[in-house]
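Whenever a hint applies, use it, and build me the whole structure from the sequences.
Chain by chain, the residues:
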Amino acid sequence: MSGVTTVVLAGVGGQGTILAGDVLAKVAMADGHDVRLSEVHGMAQRGGSVITFVRFGDEVHAPVVDPGTADHLIAFEMIEAARQLPLLKRDGRLVVNQRVVLPLPVLVGAARVPDDLEAALAREGAIFVDAEALACEAGSSKSANIVLLGAASAGLPLSEESWAEVIASRVPPATVEANLRAFELGRAACLKGACR
Amino acid sequence: MARTLFSGNEAVARGAWEAGVAVGVGYPGTPSTEVLENLVRYEGVRCEWAPNEKVAAEVAAGVSLAGGRVIVTMKHVGLNVAADPLFTLAYTGVGGGYVLFVADDPGMHSSQNEQDSRRYAVAAKVPMLEPADPAEALAMTRAAFEISEEFDVPVLVRSTTRVSHSKGVVEVDGARAQVQPQPYIKDPAKWVMVPANARRRRIDLEERLVRLAEHAELSGLNRVELRDRSLGVIVDGAAYRAVREALPDASVLKIGMVHPFPRDLVRAFAAEVESVAVVEELGPFVRDLVVQAGVAVREVPLPAWGEVTPAVVRAAFGVLPLEVRKVREGVPERPPLMCPGCPHRGVFWALKRTKAVVTGDIGCYTLGAAPPLAAMDSCICMGASVGMAHGASLVERERPVIGVIGDSTFAHSGITGLVHMAYNGSHGTIVVLDNRTTAMTGHQGNPISGVTLSGEHTSELDLEALARACGAGWVRTVDPFDLATTLAALKEAIAAPTLAVLIAKAPCALLEKRVKDPVAVDDDVCTACGSCIQLGCPAISKADSGNAQIDVTICVGCGQCEQVCRFGAIVPAGPACDLGGSAR
Ligand code: SF4
Ligand code: SF4
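From first to last, the protein sequence lines stand for chains V and F.
Position one of the first sequence corresponds to residue 1 (this note's numbering), numbered consecutively onward.
Position one of the second sequence corresponds to residue 1 (this note's numbering), numbered consecutively onward.
Where hints are given, some of them may not hold.
If you want a taste of the chain F side facing chain V, the calculated C-beta under 7 Å gives, among others [unchecked claim]:
#1 ARG241
#2 PRO310
#3 VAL324
#4 ARG328
#5 PRO336
Quick look at which bits of chain V chain F covers, simulated, 3 or more residues with Cβ under 8 Å [stated by the list, open to error]:
#6 47-56
#7 62-76
#8 80-94
#9 100-110
#10 150-157
By construction, these hints were calculated from the structure, which means they are not laboratory data.
The C-beta atom is built at its ideal place from N, Cα and C for all residues, glycine as well.
Right, here's the structure in full:
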């Protein structure tokens, strides 16, 4: 469908993907778009894979995303980036937090993380961000999700003012400054091409 | 008009409030839970968690009898529990409007089965509305109250995960209907369902269904959208959005009131288009009704399970598949797991050491069935652990049998199982995992934690006294973070010549974030035995050296692994740095 932007946020339960998806959807709404967001919670919150779909444009129908249709994949972790890659369009934009959160089968030695994971993602055109490091630089280790939104925002057709407004309204009051800085650091990193 | 981004559940809450609902009552269950959690925030509505869905439906019946509008909420499996009052409420009809909101879970994102609540509407002979998105969820919830009062019948509103947990832009007009409660009128012929009265109401019920069927044809809840006439798709619920996405040019008959079924409208629609196909989740339900209406259906290959997404529709109608990138091979699965510092972990560690058959239940502790703990052998439905433990113990001679159940689930339907065990002279063992909350669905209060839906503290059910009152002769409470004591108590409970109830009491790790200093592995002492890894704590993994290693950003210092290590290799690590840690 023309005029609709489709974004997938993929991560691990507890990483703040749901908040990030909510912020993104509200920014799109503030910019006057029709918006649909879909997330699955329940068991997924307990350290399992979590995935949120956000779609915006003139008129959006389905709240879910088909394989091969996402314009953007924002991955909070490299294994999830690889897992959700089939959702991304051939020419879609892939923003990946340069970090691995080990799943239980790996922790107990029943499975392995592929050695060439990062290289494989790089071949798929991944834009890497070290979100935790930038979050610490911004002053709150918990704002890595907002760093990633900042990095993704560099490629999204949404206005800068709406981002700041919505972030300020959605994060705990004491952390507004740090989160706004986190967003800026993530965005600047990508605009400058500093995210590898 | 305010534009708001609402989830389906937020929209249902809003719709109920706008309809002037006096009371909301339900039992938490994903994906239905947020309806009441949002409704409770509005002025003038009393909201309650019930111990189970049957109680909720009965409380709602009382509200309705006394003339108030009421909404009762649950997930699909909960409707099984509430089915008993519902079927007879269809006979009595209502006083104030009675809306039962039920959320199905096609694809089983967080459920033990995939059941189709549309069949309950038919079986109970009550109307059912099916919104496709949040905006409709608001409008149809309001409409449901009108139908309930106009036709004197409880009304089901059915949602699915993709309606309840998706968000969309909703226009909110802000007005709350000023409904005065109907005065209470004593009317035993309506409300006392003894056979003589029930037989009369049975006939009324059938007449109501005829009038409701007329309403289904004309009310506008079902909508014809004519576009390209070569294909007409009949679709209900969330599948509508998938059809619009995948087949934007097709004509559509969108079914919003699925029972009674609008047969004439279906025939009229069929006459407008060249061919008719049906798209639905968990079918064939609508498809069979369309065929019964005498309309020829073009069969398309839809799966009988799972969600209908645009991709499913594309595949069914032979629309060209899209080009798709490949997943990197060998990407490990990521199943959900118990949180670091979860109090249940210690109990499952101990249970594994008893070599017992462990019948389990629904909640976070269901994760105890997964490796490496793998200390739970069954999970069927709320409360089943208790009855199954008794049943299994009647035939299992080799190993002890232990039923394991959470606090909320025990209040939901474990108590009656325990009463059964005592009554029938069982010497079995039940372990109540009392983590002071209903953790799985997002930390709702319950009768055992003693916190109400509006956040007030109320009387806490005394589990020890209750167990004794039920007839348990051995009752004890332990701290599950003390592994040795927990294991010893379990062994004692198994050996006790009486019904035994062990209560493992400690708050959920997410409820009380008591983060202590993390622990670390002393590499010189670690023998690489792997015992601590078998706890399944997400902070502990195997280093390349073979030794264990602990991620300080994940560890919350609960101390369980220290107790498991026989060599004393796990030691305090000092305060964690503020780097990372965002995975928790
Ligand atoms: S939410 Fe609470 S009960 Fe559930 S796994 Fe986490 S710590 Fe355990
Ligand atoms: S590493 Fe040990 S102390 Fe830390 S959370 Fe896991 S079990 Fe508890």
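Hint by hint, here is what the structure shows:
A cut of 7 Å between beta carbons decides the hint on ARG241 (chain F): the least distance to chain V is about 5 Å, and the hint holds. Checking PRO310 (chain F) against chain V by beta carbon gives a least distance of about 5 Å; that is within 7 Å, so the hint holds. At its closest, the beta carbon of VAL324 (chain F) sits 4 Å from a beta carbon of chain V; the interface hint therefore holds under the 7 Å criterion. At its closest, the beta carbon of ARG328 (chain F) sits 4 Å from a beta carbon of chain V; the interface hint therefore holds under the 7 Å criterion.
Against a cut-off of 7 Å between C-beta atoms, the interface hint on PRO336 (chain F) holds, since the closest Cβ of chain V lies about 4 Å away. Coverage of the segment 47-56 of chain V by chain F holds. Counting CB-CB distances below 8 Å, 3 residues qualify, and the rule asks for three or more. Beta-carbon proximity to chain F at under 8 Å applies to 7 residues in the segment 62-76 of chain V; the threshold of 3 is reached and the given coverage holds. With 7 residues carrying a beta carbon less than 8 Å from a beta carbon of chain F, the segment 80-94 of chain V meets the three-residue requirement, and the given coverage holds.
Check on the segment 100-110 of chain V: 10 of its residues sit with their Cβ under 8 Å from a Cβ of chain F, so the three-residue criterion for coverage holds. For the segment 150-157 of chain V, the stated coverage by chain F is violated: 0 residues have a C-beta nearer than 8 Å to a C-beta of that chain, whereas at least 3 were required.
In summary, the one numbered hint that this structure violates is 10.
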